[in-house]
Amino acid sequence: QPAGPSERAEPKPRVALIMKSLANEFFLTMENGARAHQRAHADQYDLLANGIKDELDVSKQIDLVEQMIAQKVDAIVIAPADSKALVAVAKKAQDAGIAVVNIDNQFDAQVLADKQARIPFVGPDNRKGARRVGEHLAKHLRSGDAVAILEGAPNAFNGIQRRLGFEDAMKAAGMNIISSQSGYWETDKANQVVAALAGEHPELKAVLCANDSMALGAVAALRAAGKAGQVRVVGYDNISAVQNLLREGRILATADQHADQLAVFGIEYALEMLRTRGTPADRETPVDLVTAPGPSPQP
Amino acid sequence: MNDTASHAHGRIAAGRRWLADYLGLGLALALLVLVFSLSTRHFFSLTTFQTIANQIPSAILIATGMTYVLLIAGIDLSVGSVLGLCTAVVGVGLAQGHWPAPLAILAGLAAGLAAGAFNGLVSIRWNLPPFIVTLGMLEIARGGAHFLTRSQTQYVGSALAPIVETHLLGLSLPFLLALAVVLGSQWILTRTVFGRYLVAIGTNEEAVRLSGIDPRPIKIAVYLYSGLLVALAAVIDTARFESANPNAGSGFELQAIAAVVIGGTSLMGGRGSVVSSFFGVLIIAVLNTGLAAVGARDETKRLVTGLVIVAAVIVDQYRHRWSQTKP
Amino acid sequence: MNDTASHAHGRIAAGRRWLADYLGLGLALALLVLVFSLSTRHFFSLTTFQTIANQIPSAILIATGMTYVLLIAGIDLSVGSVLGLCTAVVGVGLAQGHWPAPLAILAGLAAGLAAGAFNGLVSIRWNLPPFIVTLGMLEIARGGAHFLTRSQTQYVGSALAPIVETHLLGLSLPFLLALAVVLGSQWILTRTVFGRYLVAIGTNEEAVRLSGIDPRPIKIAVYLYSGLLVALAAVIDTARFESANPNAGSGFELQAIAAVVIGGTSLMGGRGSVVSSFFGVLIIAVLNTGLAAVGARDETKRLVTGLVIVAAVIVDQYRHRWSQTKP
Amino acid sequence: MPGMTRPADTPLLLRTAGLTKDYATRVLDSVDLEILEGEVHALVGENGAGKSTLARILAGLIRPDAGHIELAGEPYAPSGKRQAEAQGVRMVMQELNVIGRLTVAESIFFGHLPHRWGAIDYPGLHRAARPLMDQVGLSDVAPDRPLETLGVGRQQMVEIAAALSRQCRLLILDEPTAALTAPEIERLFDQIRRLGQQGVSFLYISHRMEEIQRISDRISVLRDGRLLTTRGAAGFGLDEVVRLMVGRPLEETRLAASRPPNGPALRVDGLAAPPALRHASFELRFGEILGLAGLMGAGRTEMLRAIFGADRRAAGRICLRGSSAPARIDHPRDAVRQGIALLTEDRKAQGLLLPLSVLANVTLNHLRPFCRAGGRIQAAAERRAVEQWLDQLGVRCRSPLQPVAELSGGNQQKVLMARWLHRNCDILLLDEPTRGIDVGARFEIHRLLRQGADQGRAILMASSDLRELLGVCDRIGVMSAGRWVATFDRNTCSQDDLLHAALSGYTRTHP
Ligand SMILES: Nc1ncnc2c1ncn2[C@@H]1O[C@H](COP(=O)(O)OP(=O)(O)OP(=O)(O)O)[C@@H](O)[C@H]1O
Ligand SMILES: Nc1ncnc2c1ncn2[C@@H]1O[C@H](COP(=O)(O)OP(=O)(O)OP(=O)(O)O)[C@@H](O)[C@H]1O
Ligand SMILES: [Mg+2]
Ligand SMILES: [Mg+2]
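Residue numbers (my numbering), protein chains in the order written: chain A, 1 to 299; chain V, 1 to 327; chain B, 1 to 327; chain D, 1 to 511.
Hints are computed from structural coordinates only; laboratory data are not their basis.
On a predicted model such as this, the values are computed, not experimentally measured, just so you know.
Every residue gets a Cβ at the ideal spot worked out from N, C-alpha and C, and that includes glycine.
Be careful, since some hints might not be right.
To be verified - Across the chosen pairs, the derived CB separations fall in these ranges: (1) A:118 to B:96: 54 to 60 Å; (2) V:31 to D:82: 37 to 43 Å; (3) A:279 to V:97: 34 to 40 Å; (4) D:394 to B:23: 23 to 29 Å; (5) A:42 to B:127: 45 to 51 Å; (6) D:11 to B:23: 37 to 43 Å; (7) A:128 to V:97: 48 to 54 Å; (8) D:394 to B:127: 47 to 53 Å; (9) A:42 to B:96: 27 to 33 Å; (10) B:167 to D:369: 57 to 63 Å; (11) B:180 to V:42: 57 to 63 Å; (12) D:148 to B:251: 34 to 40 Å; (13) B:217 to D:394: 32 to 38 Å; (14) D:349 to V:47: 50 to 56 Å.
Claimed, not checked - A few chain D residues facing chain B, derived, Cβ under 7 Å: (15) 310; (16) 333; (17) 353; (18) 365.
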């Protein structure tokens, strides 16, 4: 008896990875990790990795999801650029029978509830990570010291989470947060803001940056102001460019979210969902505090 | 001449002009579709085209307004930010104010008109280059959007769902609306007194003034129209995304101008066509969708987009010459 | 006329023109400084001015190139991306290639010149509007920057430290360099044959062509110069940040144009001054620094920036009229 | 109908009293002008005398600083052009004011396009445009042809057709014939006479005295913003008009060459640049002025541009200075390097840098003499040289630093002349060098040209004014329908000969 259509060899599932701005090293690392994983498991699935040009351009990411639905992919692993705006389209993908996994930036719980959607989340807790960075910083400061926070783009979820984490740690340690401004994730904007703050607040003791690119700008501003070493800087993301600065102590600490593994976890989750047709529970991925090698000084 | 606006009335040569006007764009579009259909499995499908049709209404509306603005030798760099502002007004109205949907929509449209009025009135009152006035508006409107939403995305749920869920012949209401706006605007441009005034102002504003027609109300009307269409786009996007993001529309200004110029509208004013801008939007949409379907790397996407923009205007230049030499 | 470029040759009325040219800008600047000095504790201090002087060299260099480009009635939207590209070349050369610093710097400058050559040659060869050519270059250069760095910020350490650490009279080498470029460019503009040609081309290119001067090499030279200055800015920024971020310079194009236009340079060509652009950059820098020192919220910053841009050109308009009516 | 006078009881149509207008200086100084119903009232005066300013006030484009106007006995103070038109006063502007992207029919009715609910009635529009176009000799043009594809002269006819399109009581024509040639001028005069019989009055501004003599009933002379006199054209000799205008008598004699021409300067063989220029061959010698006559659209401008390298050539050889090898001229730059100059037809769009100083305009293409190391311009030397030229050519301006936009047309033309003389060009191609220039300045330019030729320069001068050509040129070539059809010696030809040759290309069938 000839093989019926149902018995034809199943084509490999196609997994779409949709990331935020690929202009951001973090997501590029994520993409590279995913591509490496796919090469190692080329027999198991095909990967379509896409990101948007500019993190602010949420509609482009929504367009991308719709395009992947049209492409009839089997699974979508998404790091949403906006935790609310992407829910509707993610639900649409689910309704179209696509397995959806949320990574990196968690969908807004309220909106999920409103849409009656259940989407598993795999990712780090930015707030917790930022708090750990802040707590490490606090060991090098005295209570009541003036500190400043450099936020990411104003409504970025992870930026807000990191700011909250920094605030948690600083408040707990009794620090005086004199300013919290946005550096739009960018080196030169951060540089401008920190330079201005350093001039205006000579008492400034530390700057907490929501990502490492901004930390680079902060370090440059402090050096130019002759305050290198007097004002501590911490970052987030552990990009390769800050390794030396960490070693030299010019950046005190940063956090590593293991970007290369993040997407891989998500993809593995998605493949599992395709196999079992079930919805696994959320899973928190590790965030590691990265500090300068060597003994940390006593406060 | 590739210029549909200035003389679409001749019956005899009309066919030839149509060819010159839309052949190049149509061919470019077909070529892109062909390339992507060959390089991916699922690109050439009804779903893809429905998806594109579903995505582009706001881009079409913005490009239509931009075409009018460029026609009068103006420019509007604020469209992206104004979209963010209008979306913020609608979103805050619905999510915080719990307004009924029609009221929120009206408020959004009013915000767009207000931004257009600012652009038009300020640039005309003080005779300032629209480039700089709308650049100021770009900052102001974005600031306003963040101010209104306190930088938080507003979830509006299904309040505006009827807008995107109404379908006719498989096409969504926004797409049909955008199509109607394109055809209506093209008709106004080529067939009405107002349209002639636009072309005339873009060609030689001083001559229009000397012929006893005050160009100022016409120019203000154009900026108002652009603002209104941007606000419509904002309403559609808010409905599609069920949420209002204050960053919505970042960078749309240059994208819209690119689409319009790819369609052959001149940045110097006086020459342009709304239908061609529609093709320009389509080309960019197909390019984006195709590159995403291929899974191209981001830098490749940028390189290709940049080259397509430059290539498109070079081709337009040749087409323009071709239709000029055989009049 | 507020135009220093077009007839700075008269000795007699020079004093009066200086007043008309720089008084308004100087007053605006003084006003900003006053406002921020009153509303903060430490704004009015040597440190603040050293901080500003340290930050603006790259903005000054870019604005100088943009002034030349606008003078010939062109525009360069690619400056931000080209800065990213050049910074990527320098960064990759140093961090990956372990090139000696001078070689990396030369490579960066070459990248800037290449981008300028593309802008100039393509727009002249096919007679395309520079707006669209440089818009294409905006995408291409950014794609190139990401391609080279694989989207990773390159840490270059102290390889370029001597550039930012050399000081003279408390002013850093980059600032002195930028100052020298401003003065040199202004001198070229007002005192040399080349400068005369720039103004003439911006005023009436066809008349220049018909007088037997080929405008094309001059225009290409301007785009090359703009590219070179952007590359210089990239080297300085790489040295300042000890790292090369492929996203560097995003959005610089509109900022640079805003600064130049605030300085009173016309977007229509033929009228402009490098020194005024320098003032424009200063105004924007003081505004940014002041707002950051006050700790203003982001939306306030944007609103104020937008309003200042519009207000500055309105004031310029009045100043222009004033100096016109009393010649 | 020269000197046709009206009965004394012809009613007054328009009267101005004490009309005054100031710009930087007083431009109109209490002008009392009276225009009768149905008359052709000529207004003459030097460049900058205030003619256009007066016309603009009447047409509602600008407002006077003092004085008042009565139209048919009622006070008349139009707030804008539309209001003036509503009261029956229309004007054709001196400077061409066309919107190239519109069609001919749209241009004629611009501002009054027939429409229903805003939608233009194109069939009706084209029907209405046809007779008006026929009246001004545009019968071979389709009403939906874009205006920008017509030559300058025909665009001017479209403007005149637009003025004729509506009923009016007073039609102001500000130098309507500056871009026209004889046949079009005849057509225009026919229309003026026809409308005059219907009671329409004309205010006719022109620098061409013979036209004034032919068409006008009365003549007013304006000098430095003052109305000197208004008299019936019949008893008003032209010499006297010119004397009043210029303030001194002008003997408009023929300027003869003082010595025979030298060697060949320019030889053109089979030059073609279709569609406007089909075939031109001629020779120009040093020390002579070769005139170039032709009807509107004969291709004179195109030929001069093709020689100069401003437009692409399809065929033909150009040999310079007696050499038999063809010269390489691919760009105006090449032409100028070989000593050729082109004074363009449209001095504002193609010659001057209007907002820049007189000085910058003169030295634009020859800064080398003042160039020091690094391209630095030696300001003092430049100024001295420019002052010398301004002196030599008699340019009237406040200072070399005055923006050239503020100069009168004649002085602007002299500035351009100074540019080419400063550049040491000895082969001068001049396209309508006296267009829109008053008799006094025109005479000075003629004198300059003659002087240039006597100094050994070769001059090729296109002009639509046959009398001018016969007055200054040694020989006159004629172009017709894109071909160089004949060359005459000025002593042995008449205006009729020239006109005949100019028409020949349109009757003969081409192979
Ligand atoms: N808008 C203006 N601003 C300043 N001066 C002006 C303006 N318009 C005209 N003038 C000056 O007024 C004077 C009269 O100009 P007008 O155009 O009336 O002269 P005209 O008699 O028509 O000369 P032409 O024969 O050259 O056309 C000139 O000196 C001119 O420079
Ligand atoms: N843009 C254009 N496209 C097509 N044909 C044109 C264009 N411009 C001019 N022509 C044609 O070229 C011919 C010559 O034009 P033009 O009137 O300038 O000639 P001319 O002999 O210099 O006349 P004049 O100097 O009296 O105006 C005409 O037949 C005109 O219709
Ligand atoms: Mg005049
Ligand atoms: Mg001509």
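Outcome of the hint check:
no.	hint	verdict
1	A:118 to B:96: 54 to 60 Å	violated, 45 Å
2	V:31 to D:82: 37 to 43 Å	violated, 50 Å
3	A:279 to V:97: 34 to 40 Å	holds, 36 Å
4	D:394 to B:23: 23 to 29 Å	violated, 39 Å
5	A:42 to B:127: 45 to 51 Å	holds, 50 Å
6	D:11 to B:23: 37 to 43 Å	violated, 58 Å
7	A:128 to V:97: 48 to 54 Å	violated, 35 Å
8	D:394 to B:127: 47 to 53 Å	violated, 40 Å
9	A:42 to B:96: 27 to 33 Å	holds, 29 Å
10	B:167 to D:369: 57 to 63 Å	violated, 44 Å
11	B:180 to V:42: 57 to 63 Å	holds, 59 Å
12	D:148 to B:251: 34 to 40 Å	holds, 39 Å
13	B:217 to D:394: 32 to 38 Å	holds, 37 Å
14	D:349 to V:47: 50 to 56 Å	holds, 55 Å
15	310	holds, 6 Å
16	333	holds, 5 Å
17	353	holds, 4 Å
18	365	holds, 4 Å
When each numbered hint is compared with the structure, violations occur for hints 1, 2, 4, 6, 7, 8 and 10.
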